[in-house]
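Using full-length UniProt numbering, the first residue of the sequence shown is number 1, and each one after it goes up by one.
Note that these hints are calculated values from the structure, not bench results.
Virtual Cβ for every residue (Gly too), placed ideally from N, Cα, C.
Check each hint, because a few of them may be wrong.
[Claimed, not checked] Okay, the calculated beta carbon distance ranges per label pair:
1. LYS121 x PRO149: 28 to 34 Å
2. LYS121 x GLY236: 20 to 26 Å
3. PRO104 x ALA152: 23 to 29 Å
4. PRO104 x GLN217: 29 to 35 Å
5. GLU247 x GLY147: 48 to 54 Å
6. TYR245 x GLN54: 38 to 44 Å
7. HIS55 x HIS88: 16 to 22 Å
8. GLY208 x TYR245: 45 to 51 Å
9. GLN194 x ASP159: 21 to 27 Å
10. LYS121 x SER101: 32 to 38 Å
[Stated by the list, open to error] Heads up, simulated SDA-like pairs for lysine to any residue below, C-alpha to C-alpha not over 25 Å straight-line:
11. LYS128 x LEU89
12. LYS121 x TYR72
13. LYS128 x GLY77
14. LYS139 x GLN54
15. LYS213 x ASN67
16. LYS139 x ALA191
17. LYS139 x GLU81
18. LYS166 x TYR113
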Amino acid sequence: MGQNYLKSIGLGIAAGAATAAGIIAGQKVMTTAKISQGHPIKHRMLDISSNLMQHKYPLDAMSTYLNGFHFYADDRGRQVEATHFCIHLRHDLHQCVIFDSNEPDARLIGIEYIISEERFKTLDEDEKQLWHSHHYEVKSGALVAPGVPQLAEHAYFEDLVTTYGKTFHTWQYDREDFPYGIPQLMMGFTADGQLREDLLQHRDRTLGISTQKIRQQREDIPTPMVQPGANAWESGQTAQTSLDYMEMQE
Numbered sequence: 001m002g003q004n005y006l007k008s009i010g011l012g013i014a015a016g017a018a019t020a021a022g023i024i025a026g027q028k029v030m031t032t033a034k035i036s037q038g039h040p041i042k043h044r045m046l047d048i049s050s051n052l053m054q055h056k057y058p059l060d061a062m063s064t065y066l067n068g069f070h071f072y073a074d075d076r077g078r079q080v081e082a083t084h085f086c087i088h089l090r091h092d093l094h095q096c097v098i099f100d101s102n103e104p105d106a107r108l109i110g111i112e113y114i115i116s117e118e119r120f121k122t123l124d125e126d127e128k129q130l131w132h133s134h135h136y137e138v139k140s141g142a143l144v145a146p147g148v149p150q151l152a153e154h155a156y157f158e159d160l161v162t163t164y165g166k167t168f169h170t171w172q173y174d175r176e177d178f179p180y181g182i183p184q185l186m187m188g189f190t191a192d193g194q195l196r197e198d199l200l201q202h203r204d205r206t207l208g209i210s211t212q213k214i215r216q217q218r219e220d221i222p223t224p225m226v227q228p229g230a231n232a233w234e235s236g237q238t239a240q241t242s243l244d245y246m247e248m249q250e
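Make a model of the complete structure from these sequences and hints.
What follows is the structure, encoded as structure tokens:
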């Protein structure tokens, strides 16, 4: 009877997994079909087929979903919400793709690399100017992992608080309706009063969270000493990308 019972449980789990997989596959088809409505029929068929049949291992591995805010390195007044999807690639490196939302039709707006404090210390001085610290984003609650249980989220951000990020946005979606221009270096906030309150409140309403409550929950996370060279914009001068023309090398 015990074996039959375990067998029944196993079959039930398998059936449940199959049902869940079927639901997810169905949702993917519906989402892809909805996004592709304005495309030619051959493109819609390709989108639906590839969604069902193709493996997308790098995308599947990006299991961490974070929401936060960036500003343009040379203009702190230009502030945007940033939805990250990340993978902890190795012990000292995360890599993230950034969208303007967590919706099926979200616009891809940039990338971010996140490194450990130990790795940051090895960078040369010019390279350090491209990186921002995460100490304030974590401690203030501005950077969140929506939907993750509080205990797990707290443990994750205990590690992230000492890290540094290098971020480039490829779509200036606060100004343009298309990805015009060259990638722009972005930075993170370092103190109260810098992030626009309307942006923060809109994010909280959209995600159904309270930044203030999250901030209180993280009060016990130690604030690390920020390494020299990070957050270069605080000095009043900053690096930013520009378009240069030069002779073609053979």
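Tested hints:
Between LYS121 and PRO149 the beta carbon distance is about 33 Å. The supplied range of 28 to 34 Å therefore holds. A hinted range of 20 to 26 Å for the beta carbons of LYS121 and GLY236 is consistent with their spacing of about 24 Å. Distance hint for PRO104 and ALA152: a CB-CB separation of about 26 Å, consistent with the stated range 23 to 29 Å. Judged by the Cβ atoms, the range 29 to 35 Å given for PRO104 and GLN217 holds: they are separated by roughly 31 Å.
Distance hint for GLU247 and GLY147: a CB-CB separation of about 52 Å, consistent with the stated range 48 to 54 Å. Taken as a hint, the range 38 to 44 Å holds for the pair TYR245 and GLN54, whose Cβ atoms sit roughly 39 Å apart. At about 20 Å, the beta-carbon gap between HIS55 and HIS88 stays in the expected band of 16 to 22 Å. A hinted range of 45 to 51 Å holds for the C-beta pair GLY208 and TYR245, which are about 48 Å apart.
Hint check: GLN194 to ASP159, Cβ distance near 24 Å, so the stated range 21 to 27 Å holds. One distance hint, 32 to 38 Å for the beta-carbon pair LYS121 and SER101, holds here, with the actual separation near 35 Å. Restraint check for LYS128 and LEU89: satisfied, since their Cα atoms lie roughly 21 Å apart, inside the 25 Å limit. This hinted pair checks out: LYS121 and TYR72 have alpha carbons roughly 24 Å apart, not beyond 25 Å.
Restraint check for LYS128 and GLY77: satisfied, since their Cα atoms lie roughly 23 Å apart, inside the 25 Å limit. Restraint check: the Cα-Cα separation between LYS139 and GLN54 comes to about 40 Å, which exceeds 25 Å; the hinted pair is violated. With a C-alpha separation of about 16 Å, the suggested pair LYS213 and ASN67 falls inside the 25 Å cut-off, and the hint holds. Pair hint LYS139 plus ALA191 holds up; C-alpha atoms about 10 Å apart against a cutoff of 25 Å.
With a CA separation close to 18 Å, the supplied pair LYS139 and GLU81 stays within the 25 Å bound. Among the hinted pairs, LYS166 with TYR113 is consistent with the structure: their alpha-carbon atoms are about 5 Å apart, no more than 25 Å.
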